[in-house]
Structures are given as structure tokens and as C-alpha cells.
Amino acid sequence: MAHPILQAEDVTKTYDGFRAISSLNFYLFPGELRTVIGPNGAGKSTFFDLLTGRAKPDRGSIKFSASDAAPPVDLTGLNEYEIQRLGIGRKFQTPSVFGEHTVEDNLILSLKGSRGVFAAIFHKLSAAQRGRLDELLDLIRLSDKRRWKAGLLSHGEKQWLEIGMLLASEPRVLLVDEPAAGMTDEETHRTGELLLGLRGKHSIVVVEHDMTFVKQISRDGRVTVLHQGTVLCEGKFDEVQSNQRVREVYLGRGKH
Amino acid sequence: MTTSPTARRVETTAIAVIALFLIVVFPLLNAHGVVSDFTLNLWGKYLCYALLAISVDLLWGYTGLLSLGQALFFALGGYMHGMYLMRMIGDLGQHKQPIPDFLVFLGWTDLPGFWKPFSSFPFALAMVFLLPGLVALIFGFLAFRSRIKGVYFSILTQALTYAGALIFFRNNTLMGGNNGFTDFKFILGHNIREASTQRALFIVTAVTLLLVYLLCRWLSRTKFGLVQKAIRDGENRVLFSGYAAGHYKLFVFVLGAVIASVGGALYVPQVGIINPSEMTPDKSLEAVVWVAVGGRATLLGPIVGAVSINALKSWATRAFPDLWLILLGGLFILVVLFLPGGLVSIPGRVKELWRRCRAKKAGPSETETPPAAPAASAEETPAKP
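Chains as they are written, first to last, in my numbering: chain A, -9 to 246; chain B, 30 to 414.
Because the hints were derived from the structure by calculation, they are not lab data. For clarity, every value in this text was computed on a predicted model and none was experimentally measured. Beta carbons are placed, not taken as given, at the ideal position from N, Cα and C, and that holds for glycine. Mixed in with the good hints there might be a few duds.
To give a feel for the contact side, a few chain A residues facing chain B, derived at Cβ under 7 Å [said to hold, decoys possible]:
1) 86
2) 123
3) 201
4) 205
When the alpha-carbon atoms are kept at most 25 Å apart in a straight line, the in silico DMTMM-like pairs for lysine to aspartate or glutamate are as follows [what the hints assert, rightly or not]:
5) A/114 x B/130
6) B/252 x A/177
7) B/178 x A/160
8) B/252 x A/160
9) A/114 x B/311
10) B/252 x A/125
11) B/178 x A/125
12) A/46 x B/381
13) B/252 x A/48
14) A/53 x A/90
Far from chain A, by Cβ distances over 10 Å, these chain B residues were calculated [claimed, not checked]:
15) 164
16) 253
17) 268
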């Protein structure tokens, strides 16, 4: 296999004496769709916070290959927008779209391009960007609602819009936190298909609770189980499901 | 970005009519004695306040930054222009000395160094932009770098303007102490008390207001405007979309400071006095009330609010001098409770009400038709396809 696109080694993060993440090692390879599961409090969200610059690890390194040619960059000293510009996009658990903006404007704000103040003042949408916009709207099935205020969309549609916003910035790595939360079964399935379709072009990490959904998107990909801030086990869905320790962790807490 | 072409045409026509009235008709009426000098002067003051209100709205309404320190920048602009006006008094002051009276009173015989360049109008004009801009840049840089937001930002800006007032109250600051500057005589060689001078100042103020309005309108329709409102509605998402929200806020804060400062610079020659009480936090709070009453996150709102409340104030402080503050507070509460969109939202509300009444009369069949532009109003969520 190629070099990892994202690698976290020996990462530890403590909040008031509580070890949210403890000596975590994580490797993501180009084009991979990785699913991360784990009981509540396993450190999934903290892990994303560390990857995206929201929180700084106490120890360890997080390296990211922003391009195939350049050497990996250390992310631990960078903030949210610097990391986003390098090519890591994050979708939040509760959909965070700009409710007062139209669907289209939400995407325009997310399109790849300069993020500077003056660039924004003199920004003009190019023909190529218009084309990309139509493409994205089509992909997330919101073409006929492009002029709607995003706040008026249903929960599931907001989730899709946020995924669309992520894709608009053309990131190398997508971090997706519980994309199926609050969706109907049909929407969940469609979301799964969408994510599977993005494999190869992007490297994706999905955090999820819904086991049907995990099974759908993991297929032959790898599943990582987090427990108490560290990797409990890693492998194909069936291997993980039959793992005795995983069962204990989940059953011991009264889950699945 | 959701306004229809007809709504835009109506808005453009309305602006053109109001601008024409303020810039041409009103001064002409004054020149022919229909409008008294006193009224013209009063309106000149209102328009300066409107500039201050726009600066508050740019920060609060559009970017979600409630600055309670805009009066500082307004007053600083006033002081910068005031220094020039003080120099223009020459030796016509009470003490018949070539330096401002308060300096003579403090025992100075020569002009302090930092006063010297203010004999030049272009220099003073440049300082109207530069000094408040610089203060805002430094304060904003520190505040936004530390990611100070919400109520903490408001408190800090309030402390900033209070600190400014304390500095200017000191006689040793050499800015006139608690009396400030007054007794101006000339501006650019014209007698400042002459009706024609005041008329010219009024026209300059109205033109400035129009230009600032157009600038803000243009800005709010660029991608910058989108980012601004996005910061207000979800700063997290903005950061995770790759925008350095702090840089945007800093830009808006500096721009707001400069707009307020220009308002203050135009205010001083028309009112004839500037002193540190203009910098106290309650002046900033008043401006926030104007914006809330007029209509937040609209461009016409702050202008309507500033003019109407100050017109009301001019009347009420004469009719019921003791009740004015209670009246103002009550008005603020009423608007917040019953008219969150402010005065400028009234026409839309009336139209909506009228449309509903008509729909009711026409029978239930017509109310079922889905609206053509679903994005227009929040109350009408159309059925999903």
C-alpha cells in the first residue's frame, strides 16, 4: 500500500485529568473509506477536533500529505482554517449550514478558491465554478431548491447540503461525523451510496453509530473501533463484529 | 441575494428620491427661507448620527459583533476635525493669543508639537480616517486574535470607549479637558456661523451618507457580504470552511470605525462643540437603540432609526424633559418584543397582512396555491416534492 495520507502517532489529549485520547495511532490511506465506531465517550469527536485544529494534542504527531509530491505537513501547530486550506474538510454531527443563506450561496461560500478578505470583496463566479455548482446541486439532489434558504430545508437535506459544501472545497480528506443521524432509512441508504461513490477520489473517515449504515459503507473497507481514547481493534466489518473485546465493550455498556 | 428585480427597482427609486430630496431640494428650500436654518442644522445632525448608526449596524446587524464603543470613533473623528477648527480660530479667542484658549489657560505659550500639523485641513482630514482606523486596527487585532466574541467583545468595547473618555477628560491630554473644543470661527476660510456655510456642510453630510450607504450596499452583495453574514450565523462553519473569520471581523471593525469617525467629523462643525461626554458608553448604547428600532441587518434601518429617534428626542426633551429616557427605554423594549425587524419591517408586515386578508376573502381554494418564490419568507414553508 502507498504511504498514508493522514497519520496520527502516539497522540494523547487530556481534559482536566481525563484522557480523552490516549496514545492513539491511526493511519488513513489514499482513496480509503474508513469507518470509525465506538461507544459514547470513546473519543471520536475529540479525535476529529485534533485532526482539524480545534484542539491541540498534548503529545504525539499528526501528519498530513497535502499533495503527492510534497513531504507530509505536521498539523498540530495549525488552526482550523489553515488545515481546511491544506485539504481536510469536516462535517459536523448536527448539520451546520448557514440558515439565512440560500442553498446556492452556501455552496458558493464553500467552493475551492482564495479565502482572503480582498479576494472575497472582488470575487466573481467563473463559468467553470457555475458548472461545478450545478454539478454539486445535482449530486446532493437540491437543484430545485437552490434558491431556498438553507434554514428551510429538512434535517436530512441539511446533512446533504453540508456534504455538498465539503465537496465544493475539493478536499483530499473528508471527515464525516455521523452523517446519517436523524435521517430516514431511505435517506441513510442514499447517503451511504453517495459516500461509497466518493471513495478513491477522496480519502474519507466516517464516524457512525448506526450499525446497518456502517455495514453498508464499510463493505470491504476497514473499520476502526475506538475505546477509551485508543484503538481497540481494526479490521473488516465481520472481523470487528465477531471480535470478543468489541462485543464486551459494547455489551458491557448496554449497546447493540 | 433573494430580492426580486422589482423589489430592487423600487428600492433604487426610493434611494434616488430620498437622496435627491436631501441633497438638492432640502437645501434649496432652506436657501429660499421655507426651511429654517435651525431645522436644516438639526437634520444635518441627524444625518451624522445616521452614519454612526450605519457603522453599528455593519458590525452588529451584519457581522454579529455588538460593539458598544462606536461613540469613541465618532468622537475621535470629531476631535481630529475639531483640532483643525480650533487652529482656525487664530488669535480671535478670549485670550487673543495665537493658540487655543484652553492651552493659554493651562499656561502654554507655544503650540504643543502634535497640534502643529493640524493647521492643515488635508492633514486633519487624513487623521479623521487614520487615527480611529489605527485604534480599531490595534484593538481589533488583539481582540479577534484571542477570539473574544459575544458579550465579552461588547464589554471590552464599552471599556475601550470609557477609557477613551477618561483620557480626554484629563486636562494634561491637551485636548481641552472636559470642556472639549468649541467657539469655532472658520472652516476653509468661510465663517462657520454663516447660513451658506452650514448649508454646504449639510449637503456634504448628505452626499457622504449616500456614498457610505451605497458602499455598504455594494459590500453586502459581494461574497464578502456572504462571509460577513455567515460569521454572524455560524462562525464555526466559517472557520472550518477555510475562512480566517478574525481577518474579516478586523476589516469590518476598522471600516465601521472609519465610517463612525467621518460622521463625527461632520457633526462637530454643525453642532459647534465636541467634548469627552460624546465618548461615554451611554452614547454608544443610544446608537445601538437607533439600529434596533430602525431595523437591524438592513441598510435603511439604521438611517430611519437614527433620524426618527433623534427627531423624537428633539421634540420630547422639550415637551417632556424628565420622561425622555423612560420613553426611549420603553420604545426599545416595545420594538424588541413586538417588532424585531424594526420600523423598516412595517411595510412588509402590512403587505403580508393585507395579502392574507384578501386570501381569506377569496376563499380557501386560492390559499392553497404554493408561492412562486419559496425562499422569500420563512412563514411559508412549501410542501416538499
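Checked hints:
| no. | hint | result |
| --- | --- | --- |
| 1 | 86 | holds (4 Å) |
| 2 | 123 | violated (13 Å) |
| 3 | 201 | violated (28 Å) |
| 4 | 205 | violated (29 Å) |
| 5 | A/114 x B/130 | violated (55 Å) |
| 6 | B/252 x A/177 | violated (32 Å) |
| 7 | B/178 x A/160 | violated (30 Å) |
| 8 | B/252 x A/160 | holds (19 Å) |
| 9 | A/114 x B/311 | violated (42 Å) |
| 10 | B/252 x A/125 | holds (20 Å) |
| 11 | B/178 x A/125 | violated (37 Å) |
| 12 | A/46 x B/381 | violated (51 Å) |
| 13 | B/252 x A/48 | violated (38 Å) |
| 14 | A/53 x A/90 | violated (36 Å) |
| 15 | 164 | holds (20 Å) |
| 16 | 253 | violated (4 Å) |
| 17 | 268 | violated (4 Å) |
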